[in-house]
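S.K.: Each chain, letter by letter, is given below.
2 protein chains.
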Amino acid sequence: MKGFTLWLTGLSGSGKSTLAREVEAALLERGCRVEVLDGDEVRQNLSAGLGFSRADRDTNIRRIGYVCRLLSRNGVVAIAAAISPYREARAANRAAIGRYVEVHCDCDLETLKARDPKGLYARAAQGEIANFTGISDPYEPPEHPEVVVHTGREDVETCVRRILRTLERLGLVPGVDAEGYRPEEEAEIARRLEDLGYL
Amino acid sequence: MKGFTLWLTGLSGSGKSTLAREVEAALLERGCRVEVLDGDEVRQNLSAGLGFSRADRDTNIRRIGYVCRLLSRNGVVAIAAAISPYREARAANRAAIGRYVEVHCDCDLETLKARDPKGLYARAAQGEIANFTGISDPYEPPEHPEVVVHTGREDVETCVRRILRTLERLGLVPGVDAEGYRPEEEAEIARRLEDLGYL
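First to last, the sequence lines map onto chains A and B. The opening position of the first sequence corresponds to residue 11 in our numbering, with each subsequent residue numbered one higher. The opening position of the second sequence corresponds to residue 11 in our numbering, with each subsequent residue numbered one higher.
Simulated from the structure, these hints should not be mistaken for lab results. None of the values given here were measured: they were computed from a predicted structure. Heads up, the beta-carbon is just placed ideally off N, CA and C, and yes, glycines get one too. Take these hints with a grain of salt, some might be off.
[Stated by the list, open to error] Sample of chain B residues with no beta-carbon within 10 Å of chain A, all distances over it, derived:
| no. | residue |
| --- | --- |
| 1 | VAL186 |
| 2 | ARG192 |
| 3 | GLU194 |
[Said to hold, decoys possible] To give an idea of the interface, some chain B residues facing chain A are shown, with a C-beta separation under 10 Å as derived from the structure:
| no. | residue |
| --- | --- |
| 4 | ASN55 |
| 5 | ARG72 |
| 6 | ARG73 |
[Stated by the list, open to error] Here are a few chain A residues that sit away from chain B, every Cβ distance over 10 Å (derived from the structure):
| no. | residue |
| --- | --- |
| 7 | ALA101 |
| 8 | GLY108 |
| 9 | LYS128 |
| 10 | LEU130 |
| 11 | PRO151 |
| 12 | ARG163 |
| 13 | VAL186 |
| 14 | GLU204 |
| 15 | ASP205 |
| 16 | LEU206 |
Okay, chain A solo, but in the shape it has when bound:
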């Protein structure tokens, strides 16, 4: 099987890690080799010493992209879950990796602030955390992601289904449950991929 990179971008708390793990489980079940590169964990392993300036964030994202590229070209599905706030850095990874599918984990800030399980948004609002994406640092949403999941109002299962179905439609993973898709889901995915020039 050919590898590819599934890149989850979105604000802190928008569900990137959760979706990464769920998609990983689904793909392992389908016989794929999968590796999840989770932002925080990767930072420790590849980017200790880097901070949260734009330059440091971009370097971190480039390094994750480099590892995704090595894995993808060796038949592995690399799933990156990283805020990756800057469009340019994401575009550079897309260009370098080739088989690259972007998922925008879109969740409105009010919902994130209300959930805030780690209390990070509260601390950022009080100025205790500098350069906090969405509060005191920019987030540039993707303009043409292959998938948008609305993690503020859709449940995990719905988001995972849309991601998997998109991968199936792109011919990146074997389809197993196309029958189970509702016509409106199917139509939305087809419309997006058509807009992007895939279909």
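With chain A fixed as given, assemble chain B onto it according to the hints.
M.R.: The following block gives chain B in isolation, referenced to the frame of chain A:
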């Protein structure tokens, strides 16, 4: 096929990159997935900004080890070619990676100085390059490498044969030309692996 990491350590100019590429070609021919992580190239991608202090070298080696681990556990043969002068950092990678085979590219300093195709040893001797391994920075040779190749007096083919035969004996790659080994080569490899507790 199970992945593993082949780690080539040795002084600058000792033939690590050459052997990495030769072994890569041989393993590709045998149907393996292979990725070469060459020290200089990886430094650009993973460790820009790091210098050549012990701490920075160790961080660089740990990062290469992390990538090798991800590749290896996904069925890829990761071949690292990096000076990796410190025993402790190499041992940490071995422990983290598991399926790890160390190759010591052993070449005496006089030969390296005489060859010196890039003029690095001459510049280091004149103090133009600080922290140059073997001249102004330590190199701790491996105590128990799976393979020792004497790149100062053995030709590339001999070195590659010994590496491949060791991988075959360890059951890491399919054997194709065991018949072609001379009894004394075979005996040397068997002796080393027995000393290490493999056989």
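S.K.: Each hint: holds or not?
M.R.: Each hint tested on the structure:
no., hint, verdict
1, VAL186, "holds, 22 Å"
2, ARG192, "holds, 34 Å"
3, GLU194, "holds, 36 Å"
4, ASN55, "holds, 5 Å"
5, ARG72, "holds, 8 Å"
6, ARG73, "holds, 6 Å"
7, ALA101, "holds, 18 Å"
8, GLY108, "holds, 16 Å"
9, LYS128, "holds, 25 Å"
10, LEU130, "holds, 26 Å"
11, PRO151, "holds, 27 Å"
12, ARG163, "holds, 34 Å"
13, VAL186, "holds, 22 Å"
14, GLU204, "holds, 33 Å"
15, ASP205, "holds, 33 Å"
16, LEU206, "holds, 28 Å"
In the structure shown, no violation is registered for any of the earlier numbered hints.
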